[in-house]
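Colleague: Guided by the hints, dock chain B onto chain A, whose structure is given.
There are 2 protein chains.
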Amino acid sequence: MDSPDTDGIIAKRAGPLRSGPLSYIGAFIAALPDLYAADKNPTGFIAAVVAENKCERLQQRFLQRMAEVPLPDVAVMNYGSMTGSPALKRALCNLLKRTFVDSPSVRFKSDNMAVLSGCTACIDALAFLLADEGEGVLLPTPTYAAFDNDLGARAHLRIVDFELDEDRGDIEGQLDGAVEAARARGVVVRGLLITNPCNPRGTLYSDDTIRSMLRWSLDNKVHYIADEIYALSVHADGVTFRSAMSVLYEDLVGRGEVSAEAAASFFHLLYGLSKDWCASGLRIGCLYSDNAPLHEALSSLAPMASVSNYQQHLVAGILNDEAFTAAFVADNRAMLRESYVALSDGLARLGVEYVEAVAGLFLFADLRPWMDEQSIEGEDRLWRSMLDLKVILTPGTACKAKQPGWFRICACCPRRPCARASHAQTRRSLSQRVALIRSPGFAWVEPAAVAELLHRLGRLLRS
Amino acid sequence: MDSPDTDGIIAKRAGPLRSGPLSYIGAFIAALPDLYAADKNPTGFIAAVVAENKCERLQQRFLQRMAEVPLPDVAVMNYGSMTGSPALKRALCNLLKRTFVDSPSVRFKSDNMAVLSGCTACIDALAFLLADEGEGVLLPTPTYAAFDNDLGARAHLRIVDFELDEDRGDIEGQLDGAVEAARARGVVVRGLLITNPCNPRGTLYSDDTIRSMLRWSLDNKVHYIADEIYALSVHADGVTFRSAMSVLYEDLVGRGEVSAEAAASFFHLLYGLSKDWCASGLRIGCLYSDNAPLHEALSSLAPMASVSNYQQHLVAGILNDEAFTAAFVADNRAMLRESYVALSDGLARLGVEYVEAVAGLFLFADLRPWMDEQSIEGEDRLWRSMLDLKVILTPGTACKAKQPGWFRICACCPRRPCARASHAQTRRSLSQRVALIRSPGFAWVEPAAVAELLHRLGRLLRS
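From first to last, the protein sequence lines stand for chains A and B. Under our numbering, the first residue of the first sequence is numbered 542, with each subsequent residue one higher. Under our numbering, the first residue of the second sequence is numbered 542, with each subsequent residue one higher.
There may be inaccurate statements among the hints.
The list makes no distinction among identical chains, and a pair is therefore deemed to hold if it is satisfied within one copy or across any two copies.
What the hints assert, rightly or not - Below are the DSS-like pairs computed for lysine-lysine, each with C-alpha atoms no more than 30 Å apart in a straight line: (1) Lys931 x Lys581; (2) Lys762 x Lys650; (3) Lys553 x Lys650; (4) Lys762 x Lys553; (5) Lys943 x Lys581; (6) Lys941 x Lys931; (7) Lys650 x Lys638; (8) Lys638 x Lys943; (9) Lys931 x Lys553; (10) Lys941 x Lys762.
Note that these hints are calculated values from the structure, not bench results.
Next up, chain A with everything else stripped away, as it sits in the complex (with noise of 0.2 Å):
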């Protein structure tokens, strides 16, 4: 099983993670010491394939918060709880509560709160603790790339990914269907993930889906696990996102359809800062379930990615704020929108056509008419084409999409204020030169880097 240049110097089961997380990833830190920026490197690479809110205005306010906060009292310096301070569990629970779970029905008890290094650390810990080695978790696509190492690589939890049509409805019988897949396989499922808002179409499941895939998981004993890190990412004027946590105790436990009992075993909330906080440098991440046995055996995996009591001290002042949460929350969605539609419209003046988002980082694009043959090698060759003008993004594929030829585009690295696209530029227009976008307002993306991003794939899709 070794491969013949480790020589036995690591283990069998670490050969397969020598390549990193992601399949994309050794392209992106190949280019990280080449990245565009528009005046000292005009022909870098632009890497739109990291999902990470990078708005520098947004970002300075959270530090500045930061440096605010009292100093600690020195018992920071201990040894405290490793599934997080009780303070920062409170607060945690406080600010779900008043933003994206704020249904009556919804009872915190933040003893029930667990933070780790990060929500890929709640994965990897609620992967290994809901499920046996060789198990099966069920994962609607596209989905987020990443889950592939949260749930495998050290868990090793095996993903039955599954379409789910949500205007076809029968969502329980899509379920079984899925189940019924893997069960020929030899997988035996135990969850059920689910990334609302979606990561990488940017957009919501309805209640009625939402209902009925709780009311599925719980009724057959399968975790129902809530990803819901984009919650306060929603951008799309009009449209509110309602936690499955309020769907699940307002309209199932609360109307007799579940017991409180099932609610509380197989229902888990994942939530952290690095997207609606513009910190995923802070590694926060959370976990909230009334599952008792989980939380006594997480005692014991907490100590190896616990964080520091110092960070969570601050983290906690901030999101105790409530003005100041609020209006992070409501600017970080002014900017998000303006980038969406900045975004957008271009890719729109380019002829390619995307799903529509109301939340998130990103949108998903369907490059399918430039590939030159409808397949994974097709898609991978156009990704290619893009990665030799240095365009990095997402390939569909990685996303498991059930058609090749969808890319997810993120935010571009951002080093300065942003602007917005202008509507003169047409898709002819943009063969000769950069669409450049100009607005104080469009902080999240560099506006030039957009611009040069859409002007690469203009000359890219034209040729």
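Modeller: Chain B only, in chain A's frame:
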């Protein structure tokens, strides 16, 4: 396999983790709401069971110095290297180089340093990546009680504990014997984990022993894991600690006894801030290894245990301050010495024998004369008798001590400046009154807590 009360709501592999990372952790957690405080709760629990340097004076100094580190660039809010920031990796390499790994033969490559969420996370990752499920790690006893969890909970390695008798010589033969015994039980040995300075004894291995163990490991392609987390907590006058990494490169690779390739593949150094820097709450551990495939594979696991970039920035700033770190280490050593003298003198007055320690935050005491029976059950009864007096020590059996009846005694919970032991106290006088310990320089443990600990032990041992 499911225990009846979990009823399939967690994985089978999660079941054994429900009791927590340490056999005695339940008693400790139960005691937390009722901890001893000389003024407010003089009858509370004295939990001398956690190896934690809680010297408030030093902790305040560390916190104060963190507050003086210049604010970071906004980039700390973004994803960075999941194995630690380049700045902190360099700072750690430089710290090691100018403190306990100061041999000119050692060449650190800072890219080969990895920073994770505490030394526990580093051990967990190493265990997963260096050996496969069911394989064994040699561990000389007595040892750190949490290795069972660190190596076993998720990596599912087996501990092969054995007595290492330095006086007997023929270290290689003793190691061969341990491997032979493991093989007889069907366990293949992949690693040798050496904590030096030793926990729980506070002693150092001789250079001869370290050389023999290194030579044997590298000759046999067994991973040598040097856990040197107490390296700067050597407190005895005239004693200096020499890192296994210095021994390896100076005495073995330098003299051609071991190849540089074997050293690069099979030697791994663990360190962290929890002990020597009074900073267990910051969750900073590190791992140095020149094994390239190990680092490649670690890239898949590191996102599950990475440290806040903001916290890393602050720590790098402190560790780069040579004057600050030198003074901190010197003051910590003096404080540890005073603390050790107070505790050991008090025990001697009680007629308790102990292993003379030169390092660490604890000593290993021989309470065998006070057991009603020389057995694990006898040790457990003695431990429970102490618990009845609200004294919690680490039972030697949890440290895999060869004979029942040994106990590790750690620092008590300090909340105030502490004092030196009064040498006027005698063993007999302790039955009547608390030995008051006074000295402004002694700030590790609360003086009244040490006195009260000795008083309660005295009551028990004379009963």
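Colleague: Against this structure, judge whether each hint is valid.
Modeller: Results of checking the hints against the structure:
{"no.": "1", "hint": "Lys931 x Lys581", "in the structure": "within (16 Å within a copy, 66 Å between copies)"}
{"no.": "2", "hint": "Lys762 x Lys650", "in the structure": "within (22 Å within a copy, 50 Å between copies)"}
{"no.": "3", "hint": "Lys553 x Lys650", "in the structure": "between (42 Å within a copy, 26 Å between copies)"}
{"no.": "4", "hint": "Lys762 x Lys553", "in the structure": "between (34 Å within a copy, 15 Å between copies)"}
{"no.": "5", "hint": "Lys943 x Lys581", "in the structure": "neither (40 Å within a copy, 66 Å between copies)"}
{"no.": "6", "hint": "Lys941 x Lys931", "in the structure": "within (24 Å within a copy, 57 Å between copies)"}
{"no.": "7", "hint": "Lys650 x Lys638", "in the structure": "within (11 Å within a copy, 47 Å between copies)"}
{"no.": "8", "hint": "Lys638 x Lys943", "in the structure": "neither (36 Å within a copy, 53 Å between copies)"}
{"no.": "9", "hint": "Lys931 x Lys553", "in the structure": "neither (35 Å within a copy, 47 Å between copies)"}
{"no.": "10", "hint": "Lys941 x Lys762", "in the structure": "within (26 Å within a copy, 40 Å between copies)"}
Comparing the model with each earlier hint shows violations of hints 5, 8 and 9; every other hint is respected.
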